[in-house]
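Assemble chains B and C onto chain A, guided by the hints.
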Amino acid sequence: MSITYIDAIREAQLTLLREDPRVFLYGQDIATFGGAFKATKGLAEMYPNRVFDCPISEDAMIGLAVGAAIEGMRPIVEMQFADFSSIAFNQIVNQAATHFYRTAVPVPITVRLPSGGTAGSGPFHSQSMEGIYAQYPGLIVLTPASVSDAYHMLIDAVGLNDPVIYCEHKFLYRWLKAKTIHNDHLPIGQARIVRTGKHATVVAYSAMVHEAVRAADRLHHDGWEIEVVDLRSVKPLDIDTVLASVARTGRLLAVGEAFPWGGVTAEVVARVAGEGFHLLDAPPQRLNARDTPVPYHPQLWAAHRPTPESICEALRKLLAF
Amino acid sequence: MSRLEALAQPAEAATNREFLRSVFASMLRARILENKLSSLYKAGKIVGGVYLGRGQEAVSATLGTALIQGRDFFAPLIRDQAGRTAFGEPLIDCTRTYLGSVEGPMRGRDGNIHRGRPGQGAPAMISHLGAQVSVVAGMLFARRLKGDLDGRVGATCIGDGATSTGSFHEGLNLAAVERLPLVVVVGNNQFAYSTPNDRQFACADLVERARGYGIGGFSVDGTDLLACASVLTEAVRRARAGMGPQMVVARLLRLSGHGEHDDASYVPGDVRDGHYGRDCVEVAMRQLVENHFATIEEIRGWQEKFAAEVQRAVAQAQQEPAPDPYREKWTALATRFPLANPTPSQPVFP
Amino acid sequence: MPTVPILMPQLGESIAEATVIRLGIAVGDAVRADQEIIEVETNKAVMGVTTLCDGVIAEIKAKEGVSYSVGTTLGLLDVTEEEVARTGVDTLESVEQKRAQAAESLPRTQAEANLHFALDADDAYEEAPAVVPSVKGLPVPTGTMGAHYISPRMRARMDDLGLREADISAVAGTGAGGRVTVEDLECFLDYLEAWPSTQASPMRLSVADAMRRSWTRPLATVGLPVLLERVLAHRRDHTPKPGLTLYMLRAFALALAENPATAGYLIGDKIVHPRAFDIGVAVQIEDGVLVPVVRQVDQKPLRELIAEYDDLVDRARRRRVTEDDCRGGIATVTNFGTFGLTMGTPIPLPNETLILGIGAGVKKPVWSSEAEVFLPATTAEMFLTFDHRVIDGGGAGVLLTRVSRLLQQPELL
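Here the protein sequences line up with chains A, B and C, keeping their order.
As numbered in the working numbering, residues 1 to 321 make up the first sequence, in order.
As numbered in the working numbering, residues 322 to 671 make up the second sequence, in order.
As numbered in the working numbering, residues 672 to 1084 make up the third sequence, in order.
Don't take each hint at face value.
Using 30 Å as the maximum straight-line C-alpha spacing, the simulated DSSO-like pairs for lysine-lysine come out as follows [unchecked claim]:
1. A:K177 with A:K198
2. C:K715 with A:K41
3. B:K363 with B:K626
4. A:K41 with C:K1035
5. C:K715 with A:K177
6. C:K734 with C:K769
7. B:K357 with B:K626
8. C:K941 with C:K912
9. B:K366 with A:K41
10. B:K626 with B:K366
11. C:K715 with A:K179
12. C:K734 with A:K177
Please keep in mind that the hints were generated in silico from the structure rather than gathered at the bench.
This is chain A alone, in the form it adopts within the complex:
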């Protein structure tokens, strides 16, 4: 029996509902229907007064969650797609993110963003928003890449006293499977070295961790040993682990699925260049999606985001520098 990434997310919510009376789930189609991706399948039957369908009102969903959090609850809001959180942007970045700083009253809400692309999803069901939210003070942004992290980090997210943007990758939902959920999880704010190497460091998060590992596998045939760091949380950013890795390898490639202008990869590169210039053998590099909306056709889509091929190519250039 195996457990998928989305099973882990459902399990985590079940655990939270069972163990924490402050937790409730709020989102579109998440009650009887079990959510667009079935992340809440069956939960409304088990906890009928804690799993709610809501109107298509992303702004009000977050507003309600903030109000409930002020009154001591721990709401989990499901955005049907990360893309739609743009409607709730104001409530997230202005209401939730500023609240603790302004008033000293924390608003522990968790916003689940089904993120990233899958073939055929097109411009409005494929976006990666982590960089945008990480830009705002007062938010924690998590990007789990493994089944176990999907489970533990969601539980940790609800336990934190700050608003958490939990970016779950749609492609990993059913594609990523594990035999079991491991209990050796790391705390939020700590990156994980998923593959050790000595010639270059790839910093990735979410689905890109898997693409980076594949790229590393291929370069291994040519004698290159690539270290892959899974950031796990993009904010806080565990730059110490990244710097330690770069200290071993001297070369950095940051890979993200979001659009190329700014964002998480730019932050990683800027921090490494600023704090670890003396560790570098080559200019730190980044690889992102292309600077267009996410295209619909599978062939365009597959060439829009970083792939093992393009990661390999970028690494080869980096290694040749």
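Just chains B and C now, with coordinates in the frame of chain A:
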């Protein structure tokens, strides 16, 4: 039932001496405080801006008085000094926030009307209009989940301009769907900053929207204290009684600029001189005296007392320390991460 | 008759597979276009798989209760040519053809697209043709190839160790573009451990630093023989005796004063001209060189310079010159002839453009045009090293020739 709760029964509110005197006291306190704030602004003591509720005191204070401190929730907006005072906000919270005292509820991190005590039923507004509707709905929703909603009401104020926002619509619709005891008071002061009603909405009266949301709707002359008293207490009563969200549209005129930097020259003379151009504080004073709820002498006494209170609050806030950028923690997170620095390293301030 | 495959569809976002729960057809059944023929269940819903065109079921590959990944062929349909033309469906043949074409033109993107439908990811990723990364990445400037390029990491390690570029010139690079890596450096340092070594003196390190800094410029050296007979005769008749180097110092200063730009110092786009003709003299001491400066050499006749010169040289030899004594020179004179050397390419100080050197005097036959015979005469080779950015061979030649001429009239110095 507490004393004020008993007073806030709608049937008698408009004739209840104690209720009306209490509302008027808040109106008067707010007016005196705001006059002082205006003067401090014009003397260069206040940075940013000063936003007054002049002309909206009757509506705001009646709502604040009809709500029960410690039980109900009240999310005031920009012109609700009177309502804040009536709901129990100490004057010092206001002067500290305007003057940037580190002792105030916002500790210099936010200013002027962006203040509140969210843990104590009074959320702090953000500048983005309509956003507080769903927040109050969420506070009520939480209480319902805890089984602790019984007899609790949440209220928020908003202007005519904010009714055009998506956030207002989403929030009110959601509250209606969840059938929450929410009272939304729209102070239609005819101008959103400088934009008149006819460039803001196309329905004859904003109260018509209540029907569309499936909620209770009331319309009231916001310059008339007695009318406000009966209508607002009734709206609050219905919400409290489980009849779902209630919307009250108060017709009035802003008797100041958008802020003290604005002379409101765009308000036509005939509107100023019209019915809604009258000063609700003067109207209320007349109503109190004519109905023998208070005497002119009493009111003069209150004026002196409140002026002294305001002066003390201003003096105290001015003497308190300003926030120290060298001691500021410079983090927006409640969580401490021992293993990661959540913010990029910065050169040492400044 | 063409064959059309019945494929497992993508029934929703993120759906990778679906389970066949009921086969509504049997081999030989005639089916219509858009007919639901197979019932499948995803994690989200139960749905029907439809046919794309009219036809007859030729083969059923799927089994009830089994899960298939998206894109799997569940069965085959025999379809008439006319129906294929009418509906525009892909037949097995056209699918193969398209795949073959795609493999030629866009093999990578096809593989990419397939990956995300397939459960066995490793198989889908076997082929690795060239790819254009979505971000072009690193242009490697030619200037950063080769052993002379030092990365920030290498630089930091060298700084830790107090090393300079010159120190690692012996290290063969194994890194990208033949660069010296930190590992190469560490290996080299390990190797050096086996050799005897001593601590370099501060004087040695100071000279090393000055020479290294000076060597960053394009330096060139020109030379010519100079007759010393007249200088030596003049010197014999003089008390106290001026040193040979002092004659050169004076001649050099006079020549420079005639054309000050020659001693200019290039900074950016400016030539900085000398304010005074203060000339240094190189004095060899134990484990180093000191260069005290004789002031305003052009302004004083030789005899007035003797005391000052002798004092400076004497103090330098005893290492008693001050920093001020060594400051402000605009050029230097060195007499390596005192070591018996006849030839050399001296290096100017890093803050100077010129150095004038002279080798040992040697008796040589010199052609006398008056006597029309070779006569023995003491000559020496004189050299001028210059910063080629400031002057060229021609200018250096003029300067050197002028010095030589002046040395032929020592009584005027």
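Structure-based check of all given hints:
no. : hint               : result
1   : A:K177 with A:K198 : 28 Å, holds
2   : C:K715 with A:K41  : 9 Å, holds
3   : B:K363 with B:K626 : 24 Å, holds
4   : A:K41 with C:K1035 : 108 Å, violated
5   : C:K715 with A:K177 : 17 Å, holds
6   : C:K734 with C:K769 : 28 Å, holds
7   : B:K357 with B:K626 : 14 Å, holds
8   : C:K941 with C:K912 : 41 Å, violated
9   : B:K366 with A:K41  : 58 Å, violated
10  : B:K626 with B:K366 : 24 Å, holds
11  : C:K715 with A:K179 : 22 Å, holds
12  : C:K734 with A:K177 : 24 Å, holds
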